[in-house]
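Trainee: Place chain L on chain A using the hints.
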Amino acid sequence: MTYFPKAALLVAALGLAACTSPDRFGDGQGGAGAGLDTNAPTTSYAPGSADDPASVAHFQQRVGDRVLFLVDQSSLTAEGRATLDRQAQWLTVNSDYLAVIEGHADEQGTRQYNLALGARRANAVMEYLVSKGVPSSRLKFVSYGKERPLEICSAEACYAKNRRAVTILSAGLTG
Amino acid sequence: MHTRLGLSGLAQMVLALALMLTPFMASAQEPLRLTLDSGVVEPMPYAVPNFVPESSDAMVHSENISRVIADDLTGTGLFREIGRDAHISTVSSFGAPVQFADWKAINSQALITGAVSTDGTGRIIVKFRVWDVFAGQELGEGMQFASTADGWRRLAHKVADQVYARLTGETPYFDSRVVFVSETGPKNERQKRLAVMDYDGANVQYLTDSQSIVLAPRFSPNGDRVLYTSYETGFPRVHVLTVGDVRSRILQANDGVMSFAPRFSPDGRTVVYSLTQGSNTDIWAMDVASTATRRLSVSPAIETAPSYSPDGSQIVFESDRSGTQQLYVMPANGGEAVRISFGQGRYGTPVWSPRGDLIAFTKQNEGRFHIGVMRTDGSEERLLTASFLDEGPSWAPNGRVLMFARETQGAQGASALYSVDISGRNLKRVRTPAGGSDPSWGPLQ
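Residue numbers (numbering that gives the first Met the number 0), protein chains in the order written: chain A, 0 to 174; chain L, 0 to 444.
One chain only, chain A, in its complex shape (with noise of 0.2 angstroms):
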């Protein structure tokens, strides 16, 4: 019976995948990761919570679940490798999820070319995971281009926040 918790958090994470609810695009705090572990009664956070650190919360609060890219580029910063470094441990440890890299541009640029600059970047991220160990057969990549911003100013403040790789958390491998 110890898988069936889980397996319920599949199926709930699985719907949250196949939403197409602008608040996946958001911070995350649509309530992923809800997910009780009955394996975990005893520790001081709330399951779930950012402080339980299998919780897909944590993943996007204290791992950092995206990376930025500065204008027109798809290569990783220090401070992102040093995020999907982090995230590679996280990934490692909670070896049950699957992710889908999400790559953004902001609206500067040609629809389609965003597109790919979008999946450039993604790309650059699941390589740099799975050079880092994680498994490709658990990572996908997907691009919006220009399609789904999350700052909607005009100004660079808000272009630099659009211009992500966001990883995306799915339940899968489980049992």
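The set of hints was computed from the structure by calculation and includes no laboratory data.
Take the hints with a grain of salt, since some may be wrong.
[What the hints assert, rightly or not] Simulated pairs of lysine to aspartate or glutamate, EDC-like, Cα-Cα distance not exceeding 20 angstroms:
id : chain 1 : residue 1 : chain 2 : residue 2
1  : L       : 427       : L       : 41
2  : A       : 139       : A       : 126
3  : L       : 427       : L       : 199
4  : A       : 160       : A       : 95
5  : A       : 139       : L       : 254
6  : A       : 160       : L       : 188
7  : A       : 139       : L       : 231
8  : A       : 160       : A       : 71
9  : A       : 131       : A       : 95
[What the hints assert, rightly or not] Chain L is faced by these chain A residues, among others (derived, beta-carbon under 7 angstroms):
id : residue
10 : 109
11 : 115
12 : 118
13 : 148
14 : 158
[To be verified] The following label-pair restraints were derived from C-beta to C-beta distances:
id : chain 1 : residue 1 : chain 2 : residue 2 : range
15 : L       : 185       : A       : 91        : 33 to 43 angstroms
16 : L       : 201       : A       : 69        : 41 to 51 angstroms
17 : L       : 409       : A       : 69        : 20 to 30 angstroms
18 : L       : 356       : A       : 136       : 50 to 60 angstroms
19 : A       : 50        : L       : 286       : 48 to 58 angstroms
20 : L       : 185       : A       : 69        : 18 to 28 angstroms
21 : A       : 69        : L       : 332       : 34 to 44 angstroms
22 : A       : 76        : L       : 321       : 20 to 30 angstroms
23 : A       : 69        : L       : 321       : 12 to 22 angstroms
24 : L       : 277       : A       : 88        : 19 to 29 angstroms
25 : A       : 52        : L       : 410       : 47 to 57 angstroms
The C-beta atom is built at its ideal place from N, Cα and C for all residues, glycine as well.
Mentor: Chain L alone, transformed into the frame defined by chain A:
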């Protein structure tokens, strides 16, 4: 999840019978002609008195049809309507002699007269003549068109197309449709639907719902199909939709890849598109019937936005192989590509003119976006627009007008469709019920 929103508005048309009511008068004079390549500055004045209703139930149509004809002609920026308030003559019957002196007196160089009748089965019949007022004779022959009642706008566009063709010598474009992405909602929650409309923004019909992001629809050469990119599967994939029954299917379905930026070949049998594998985006071609695919570009750079030359022998596309987005031309079967853009800034979304003479593009330079045109060898670049974000030109079927999307700046930014003459004049917004982007102008119907 195929959407099936019926295209009920497609009117049945029976067309184009020359009337031959009056013998054509030969003339020693040059016919009235507006030459577009000589840099027209002064629009030609014309008058279109209300078409004569030949039955009481034709009255509403005669008013509407006359107005759409005038909107078409005046909307080109090439013609200036002399309003009815200034008319001296009234036209009370289609067969009555034209009082040329009255039209000369108000300096109406061209005159369009017509009549509208109904045949008792719900069909509308419109007939018209075009007159060269100062020569005192008819331009071409009278013609008539017939349609079901819901096709009255097409009847008007057909008449205006004839007038445009006779007065400019160019092929016309009013009776054409545009497929585009209808947009609602703020930037970070934008809802996108495929839609099709008349070239002037009328008769909008939706082809998809807003469940999935849809991008960059492209008409087939004869307008029967639309290629587009949809996130229906969670990944961008090229889809093809049949306009008649509004059914769509995935054209490019390989797992683990993204496909986008599709466009038909001039014969409609091949689709070129971009395929992303790993970090590399290349141009591929697919035979629509067999679905056999072939890779056309092999650079590790981003190659996208392919567009065929009208003879099908070449493809223009964009690549950042030089470090920034630039335009290249390669043989349609792949092979060596020649760079054609060398100006300041970055160039994308090239589209070959249906006349074969020009390539339209989006240019990004010093924080501004432009729609421009250049010769197919890259020479004689001309920028037609400038704004915060202009993007994605599409050619009118006669290669004289471009439609594109303009997105405004800031948190409230929204996208709308605009058109501009290739002279750079007559920039204007195309009226759509919601926002719009990615227009693709279909063929003359």
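Trainee: All the hints need checking, so say for each whether the structure fits it.
Mentor: Each hint, compared with the structure:
no. : hint                              : result
1   : L:427 / L:41                      : 18 angstroms, holds
2   : A:139 / A:126                     : 10 angstroms, holds
3   : L:427 / L:199                     : 11 angstroms, holds
4   : A:160 / A:95                      : 29 angstroms, violated
5   : A:139 / L:254                     : 10 angstroms, holds
6   : A:160 / L:188                     : 16 angstroms, holds
7   : A:139 / L:231                     : 16 angstroms, holds
8   : A:160 / A:71                      : 13 angstroms, holds
9   : A:131 / A:95                      : 17 angstroms, holds
10  : 109                               : 4 angstroms, holds
11  : 115                               : 4 angstroms, holds
12  : 118                               : 5 angstroms, holds
13  : 148                               : 5 angstroms, holds
14  : 158                               : 12 angstroms, violated
15  : L:185 / A:91: 33 to 43 angstroms  : 38 angstroms, holds
16  : L:201 / A:69: 41 to 51 angstroms  : 45 angstroms, holds
17  : L:409 / A:69: 20 to 30 angstroms  : 23 angstroms, holds
18  : L:356 / A:136: 50 to 60 angstroms : 51 angstroms, holds
19  : A:50 / L:286: 48 to 58 angstroms  : 56 angstroms, holds
20  : L:185 / A:69: 18 to 28 angstroms  : 26 angstroms, holds
21  : A:69 / L:332: 34 to 44 angstroms  : 37 angstroms, holds
22  : A:76 / L:321: 20 to 30 angstroms  : 24 angstroms, holds
23  : A:69 / L:321: 12 to 22 angstroms  : 19 angstroms, holds
24  : L:277 / A:88: 19 to 29 angstroms  : 24 angstroms, holds
25  : A:52 / L:410: 47 to 57 angstroms  : 37 angstroms, violated
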